[in-house]
Amino acid sequence: MSVQNLNTFDPFADEADPRGNPRGNSQDVGSQQDYIHIRIQQRNGRKTLTTLQGLPKEYDAKKLLKAFKKEFACNGTLVEDEAMGQVIQLQGDQRTKISTFLTEEGIPRTTIKLHGF
Amino acid sequence: MASEEPLFDPSLKKRSKKKQVAFSEDPLGADADPTTPAPIIDDTTTNGDAVDLGPKTVHEQMKQNGVGAGADEDVLEPKESKEEDDFKAMFGDLKKKKKKKEIPLDLGDDASGTSTPTTTAPAAALATDDLDFSDLKKKKKSSKKKGAAFDLEAFEKELNQSKAKESTLAGDEDEDVVPTGEHLDDIDEAELGDDIFDRGEAPAGVDTGSEPWLGSDRDYTYPELLSRFYGSLHASNPSLLTSSGKRYTIAPPSIHREGNKKSIFANISDICKRMHRQPEHVIQYLFAELGTTGSVDGSGRLVIRGRFQQKQIENVLRRYIVEYVTCKTCKSPDTLLTKENRIFFMACESCGSRRSVNAVKTGFQAQVGKRSRNRVG
Numbered sequence: 001m002s003v004q005n006l007n008t009f010d011p012f013a014d015e016a017d018p019r020g021n022p023r024g025n026s027q028d029v030g031s032q033q034d035y036i037h038i039r040i041q042q043r044n045g046r047k048t049l050t051t052l053q054g055l056p057k058e059y060d061a062k063k064l065l066k067a068f069k070k071e072f073a074c075n076g077t078l079v080e081d082e083a084m085g086q087v088i089q090l091q092g093d094q095r096t097k098i099s100t101f102l103t104e105e106g107i108p109r110t111t112i113k114l115h116g117f
Numbered sequence: 001m002a003s004e005e006p007l008f009d010p011s012l013k014k015r016s017k018k019k020q021v022a023f024s025e026d027p028l029g030a031d032a033d034p035t036t037p038a039p040i041i042d043d044t045t046t047n048g049d050a051v052d053l054g055p056k057t058v059h060e061q062m063k064q065n066g067v068g069a070g071a072d073e074d075v076l077e078p079k080e081s082k083e084e085d086d087f088k089a090m091f092g093d094l095k096k097k098k099k100k101k102e103i104p105l106d107l108g109d110d111a112s113g114t115s116t117p118t119t120t121a122p123a124a125a126l127a128t129d130d131l132d133f134s135d136l137k138k139k140k141k142s143s144k145k146k147g148a149a150f151d152l153e154a155f156e157k158e159l160n161q162s163k164a165k166e167s168t169l170a171g172d173e174d175e176d177v178v179p180t181g182e183h184l185d186d187i188d189e190a191e192l193g194d195d196i197f198d199r200g201e202a203p204a205g206v207d208t209g210s211e212p213w214l215g216s217d218r219d220y221t222y223p224e225l226l227s228r229f230y231g232s233l234h235a236s237n238p239s240l241l242t243s244s245g246k247r248y249t250i251a252p253p254s255i256h257r258e259g260n261k262k263s264i265f266a267n268i269s270d271i272c273k274r275m276h277r278q279p280e281h282v283i284q285y286l287f288a289e290l291g292t293t294g295s296v297d298g299s300g301r302l303v304i305r306g307r308f309q310q311k312q313i314e315n316v317l318r319r320y321i322v323e324y325v326t327c328k329t330c331k332s333p334d335t336l337l338t339k340e341n342r343i344f345f346m347a348c349e350s351c352g353s354r355r356s357v358n359a360v361k362t363g364f365q366a367q368v369g370k371r372s373r374n375r376v377g
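Top to bottom, those sequences are chains A and B.
In this text, residue positions in the first sequence follow UniProt numbering: the first is 1, and each later residue adds one.
In this text, residue positions in the second sequence follow UniProt numbering: the first is 1, and each later residue adds one.
Keep in mind that the hints were calculated from the coordinates and are not lab data.
Accuracy of the hints is not assured; some may be wrong.
Claimed, not checked - Straight line, CA to CA, 20 Å or less: simulated DMTMM-like cross-link-like pairs of lysine to aspartate or glutamate:
1) B:K273 <-> B:E258
2) A:K70 <-> A:D34
3) A:K113 <-> B:D297
4) B:K273 <-> B:E349
5) A:K69 <-> A:D93
6) B:K261 <-> A:D93
7) A:K69 <-> A:D34
8) A:K113 <-> A:D10
9) A:K69 <-> A:E82
10) A:K62 <-> A:D10
11) B:K361 <-> A:E104
12) A:K47 <-> B:D297
13) B:K311 <-> A:E104
14) A:K63 <-> A:D10
15) B:K262 <-> B:D297
16) B:K370 <-> A:D81
17) B:K361 <-> A:D60
18) A:K70 <-> A:D60
19) B:K311 <-> B:E323
20) A:K70 <-> A:E104
21) B:K261 <-> B:D219
22) A:K66 <-> A:D34
23) A:K62 <-> A:E82
24) A:K63 <-> A:E105
25) B:K361 <-> A:D81
26) B:K361 <-> A:E82
27) B:K328 <-> B:E349
These numbers come from a predicted model, not from an experiment.
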């Protein structure tokens, strides 16, 4: 005997965890997109900082960072943020380079969001 | 940028030409969100930045040329008359009358265009019966009488060769002429064909009559039909051409440097008023995008931490307009942003559409500067 109404139903069953940590997931409910955000920040003088946030879980951030550093000839680090999860931080303005790198690796351009001026 | 462009092209293909131009103009070309149908805004170009975007839709072409579309068709026409022959040849196999058709075609090619044989038939009809030559049913009668008019016909042919050009009334009449010489039974077939053509030409008759397919039995091409549609649309709504031409313009942001590390955005309140947006919302977006902080000073100017140039602010504003000002449906900038239950809704004043927009979100902020300063603040 199966009464459909009495079944328990998990409305988020098919909701994929975007970046692996539960907090990030709960924060992202409601915003329909899991974009990869590429941002820039100004430091002192002409120095800048590029951050890559929202990388899908299936990519290894550490290896990606290593590839970035080698490819762009810059230094960088992996930052663990409470709210945003893992964030790759690179020195200098690497935004366009990152986006081309990612698109060449097969990430659709629609999921990449470039911020900044 | 240049190296990137080929990369973008595949995804850009679907978008309109104008858009592409707008983005190539954008130093941050990659940022444009391809999911959103970006409107065409030259918001800031009052300072002579203007790029000639060229025509993109037929609508705009018409706007550009005024009535020029008709001229284009005229230009096309000689080519089409050649095509006509091809079309006839192509369709020849499909229809019963084909064999007869090919014969008159040859004649036509010999004698400066298809028109010569066609005109002989109606002319002969005129000569014999004084019939109106556009009336095809009567023509059938006339063609039956052709036996009598035969020598007349030959005479007329010569006459028409000298006259050369009358309107090209297609191969319909040709069929009438040639078969009459051979079998009277064939006329019935030809007649059926005429009826078909009659229907085909009927809509053209309704219109101005300038359509290039009028003279032939070929199919219309899509661009022709499209321009015909816009022709009739603008004929019935003349206001369309004038009213929709205005651009959405906004004064360029005036950015000054204050000291070494701060920029002042002087006319932000002016721009916000123009966009019908709360300055707070705009400022929030600016700070989120630029990854900085700042404050509003006493005279309503925005002080942004960091060095920014006018061009950079302009780009951010442009993206703001795309995302939060222009209607995604009709691209009108005449929209209202309201907040309900912590969700922003954008309602279009001109088309009435309503959609929710993403809240402005500040992403990850890296630690910049001294940590000790942060702890105190």
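Against the structure shown, which of the earlier numbered hints fail to hold, in ascending order? 1, 2, 3, 7, 8, 9, 10, 11, 12, 13, 14, 17, 21, 22
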